[in-house]
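Novice: Dock chain B against the given chain A, drawing on the hints supplied.
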Amino acid sequence: MSRRRALLLALASLPAWRAMAVWAGPQRGAAEDFAAVVPGYKLVFPRDHGAHPDFRIEWWYATGWLSLADGRPLGFQSTFFRLRTGLAEDNPSAFAPRQLVLAHAAIADPQWGRLHHDQRAARTGFGRAGFATGQTGLWIGDWRFAQHGEHYRIEAKAADFAYALDLVAAAPPLLHGRSGYSVKAPDPRHASYYYSRPQLAASGTVTLAGRPHPVTGRAWLDHEWSSQLLPEAAQGWDWLGVNLDDGGALMAFRLRHRDGSPLWSAATFRPAGGQAQVLAPADVAFEPLRHWRSGRTGIVYPVEWRVRIGRRILLLRPLIDDQELDSRASTGAVYWEGAVRVAEDGRNVGYGYLEMTGYGEKISI
Amino acid sequence: MRLAPVFLGSLARRRVATLFSCVAIVLGVALGMAVQAVHEAALAEFGRGLQTVAGEADLSVVGPRGGFDENLYALLAARPEVAAASPMVEVEVKLAGHEETLQLLGIDVFTLARVRPALLPGTSAAERFAALSEDAIFLAAAAQTALGVEPGATLRVQSGTRSLNLRVAGDLPGARDNRRLAVMDIAAVQARFARLGRLTRIDLRLAEGVAPAAARTALQAVLPVGVLIETPQAAANEAANLSRAYRVNLTLLAAMALLTGGFLVFSAQALSVVRRRTEFAFLRAIGLARRSLFAWLLAEGALVGLLGGVLGAALGLGLAWGALALLGGDLGAGYFSGLQPSLQFQPAAIASYVALGLLAGVAGAWLPAREAASVAPAQALKAGDEARLPGGGGSAGQAIVLLLASLAACWIPPLHGLPVGGYLAIALLLAGSVLLLPAMATLLGCLLRARRSVPGRLAAARLIAAPGHAVVAAAGVLVSVALAAAMAIMVTSFRESVDQWLDQILPADFYLRAGRANTSGHLDAALQARIGAVSGVASSRFTRHDSLRLAAGKAPVALIARPVSADGRELPLVGKAQLAGGGNPAVWISEAMRDLYGWQPGQQVALPLAGRAERFHVAGIWRDYARQTGAVLIDLADYRRMTGDPLVNDAAIDLAPGASAASVAAALIATADPGSLEIAYPGEIRALSLGIFDRTFAVTYLLEAVAIVIGLAGVAASFAALAAARRGEFGMLRHLGLTRRQIGWMLAQEGALAAGVGVLGGLLAGAAIGLVLVEVVNRQSFHWSMDLHIPWLSLAIFAAALLALAALAAVAAGRQAMRQEAVLAVREDW
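Chains as they are written, first to last, in the numbering used here: chain A, 350 to 714; chain B, 77 to 906.
Looking at chain A on its own, in the form it has when it is part of the complex (with noise of 0.2 Å):
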């Protein structure tokens, strides 16, 4: 799930976009031009990699966990979005707004006690943003996410921070939902395309301050896509992804009520080298155990979780309370996107990113 993710940034990318009507409202190109998320769909790799620029959106989304030499903790998160606008489709224009790419990088650092964060946005063309298909390959400008067969490349340089980083997968994609068709609400004409890429083993280097440093660590990738609309209901949601010390990887997501009861909720859970396991809406729950009220936005937070996985319960705690993302000047969205420990029984089981959205204003929709 995080199409709410793309959301965010699709509406960072152009100023002043408070409205945030966003999926709803009917466009020129209208919805039945959008290619359609169909049950039954198979997906095959690596064309799946790729981008679909028939569909509305679609996003390539990795968190993680990285280690500095000395041992201490940072986590990193990069987001590409591609978002076919269905404006000027027959415009003979290089210029033509048809396809826009975003991008957002962010480092929590503990020292720091909160985020670095950076945005680019770009119509595609000229050579200053584009995607690729067949395979997973995204940039702006200096920005860029690229893959050759198992491995993926992320390079982003930001004024106060930059990172570039390797990350290689082990094991197969993960599918979401029946075989990647992710279903978002009771209404199953909400749902996306979802598959993720868990346990990447990560490496590169981190510049902080306008010094570089080594990392290494593990990371997640979602890569999702659709065409739909978010369920009118929705006032905002949790997600959580989660590499397991194991070797195990579990996702999990809810939608939340105005009054903050669960609208649809879903999880997968895979073993190290086992079967991916789909639960049901029942099986999963969300139940926060502490909250933090931001400075700047006095937003108030649950930053502390217990989620019930069928049988399972994880305690989820953040690297630092404050990862929120507060790009009101040009957006108007603020949403909390950070790196969380993950227990069960009193021990360490895991480390995972965590992102809520929609604890202000309503977020969307």
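In case anyone wonders, no lab produced these hints; they're calculated from the structure.
It is possible that some hints are incorrect.
[Said to hold, decoys possible] Which bits of chain B does chain A cover? Going by a derived footprint, with three or more residues having C-beta under 8 Å, they are: (1) 143 to 153; (2) 183 to 191; (3) 249 to 263; (4) 266 to 279.
[To be verified] Derived CB-CB ranges, DEER-like: (5) B:Asp600 - A:Asp509: 49 to 59 Å; (6) B:Ala742 - A:Ala385: 48 to 58 Å; (7) A:Thr646 - B:Gln296: 42 to 52 Å; (8) B:Thr293 - A:Asp509: 22 to 32 Å; (9) A:Trp461 - B:Ala290: 30 to 40 Å; (10) B:Ala154 - A:Asp382: 29 to 39 Å; (11) B:Thr293 - A:Lys506: 21 to 31 Å; (12) B:Glu646 - A:Asp382: 54 to 64 Å; (13) A:Glu438 - B:Gly767: 41 to 51 Å; (14) A:Ala385 - B:Leu272: 31 to 41 Å.
Beta carbons: idealized from backbone N, C-alpha and C, even for Gly.
Specialist: Positioned in the frame of chain A, the structure of chain B alone reads:
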């Protein structure tokens, strides 16, 4: 001792002289103030427009008006020196059914955010992707107000010969006050305004630590010819430079009015001081210090100057307000099209103009005050000493030196585009002429001595014996006549030359064009064919307008491509054509190109066309009164061969014999959508052009009128003062048997003679100044030549009227003095 009533009160006792002095200063200050205020307002507005366009970028890449290849964007954005590049395509769009044009910028909202956030569009809440939409336009708040539209409204604009509807989607929060600015998505502008593949501007933000100068050199090297890199200030300077010469010329004319005002203060004070000699001697005798007397007399002039300065500044602001409302920010000269500036309150400028008025008053009062303070009281208490007047101290030798220096000053080259030498020559000419006045007065008196009538002989004798009087009265006349005559000669020469020029450049029966805005209104190839095929059209000649960048920091040069004969005989050529071109095609350049770029006939030059340097040979120079930043004219066939651009902007139509102009015009208009083509007849264009010309010079006509009033005021004030001082003389003449009528006649002749000296000197000096204006100031300021035309008849009428008025003024001034009984008048002396 309370002396204020004695000195400052004397101003009230000679009301007429004080009034005239004051009025002259008021007018001088007012004109200067008005010119300054209007231009500041216009420049501020213009600067604001540029600021939002040029804005925060480190460097800007600009090219011809038609734009350059969009792939330069990819090239530049990928350079290591460049942190972000924001492409832009700018078009001037005409609103359907409006006279106004909008400056429409096609922008990429993503890159703009990193380079020029001030131009970012602000959307109303409901609209997603409006900044990318093909039919959404964003208008600055002031432009919305000016056009009377709100977000959601539809705006009809013209593209080529068609019109299209755009939706007002929001405003430009960073450029609220710009009345002409509009923004759309770059792809939409390219596709909908026939700009596919073209950009007109790329704004660059440089990578950290990269010096703009170094980046400029490195990047310029990879750009094709004709595409230049500029710093944002360059554009603002360009605009200021364009109107600066015009502004400085007007300001100097105002300064001359002020000078005349100072002169008038001088003559009034000089005469008043003579009349009050006894009074001053008495004051000195009872203990008034020499220095106090000097200071009080200066204070008299200062009060007049201050009053004139304050009233003048107020009047100037009023004039500026009126001029902005009626004529626009360039006083009708056409430098700031489409701008509606608002007046700015500038305390510093106002204070300095008030100070100038004060200075004129003090300077005028200086010499008379020094003179009065230097007289020994005992001597002054004796009567019969009135004839001594200051002035007339200069020798003819000094005058000749000044005049020779003025001739030399004409050869000084322009400084920063300003004709400094010309102005210096004018100042030297005026000073030299004034110094030459006593000699001229003596000469004229000698010539007239052989007259029979007693009053005539008396008047001539007085002119010879006391040339100082004549100088005081005549100097004001000379300065004002010289100014008026010079302006008349210059304006007549200019107008006649423009008139002839219009004849030469408008040979066709009528002209056809698309819209007022050149960059979006064009005729495509199909339409050109349809125009040529209309029955009744004997021939149609098409013209393509563009602009080229030849040098960084210089304004664009107009490019005109039209059919032109091999010897250029239909052009208003200056000098001889150099037809042998060594195989290169011919380019005909305007005079400004010769002055600004140093091109000469016969020279081989390169013009950047379609990104390549094309070789041309300069075949000749033509006169162009329309574009002072330079224009080059090439044959349309050459242009099309080199650029492949099939579009044109207008067509000159010649009728077949016997065809009716009205029906052919109707058939031509019917070849495109209704309302998208305009027909213009040469007569109309001519009338419009001359109308603009006359409006431009409206300010100078006003100055001429002011100069004449000042000159006459000088004569009246001088004679009023002189006549009062000469009561004794008049009484003596009555005793000797002259009738009152004869004395009046004598005074009239004296007035006419004094004014005559001034008028004669003024006409001569004016002719010389006119020549300097035509040959030096105009050539250096605006880079155009003109043929000299002297308005003999109006100058003669003007001179005669001035003489008659001066005589009348002298008689009127003397009447008061003559009224007194002769016996009484003479007794005063005993």
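Novice: Flag every earlier hint the structure violates by its number, smallest first.
Specialist: Nothing - there is no hint that the structure violates, so all of them hold.
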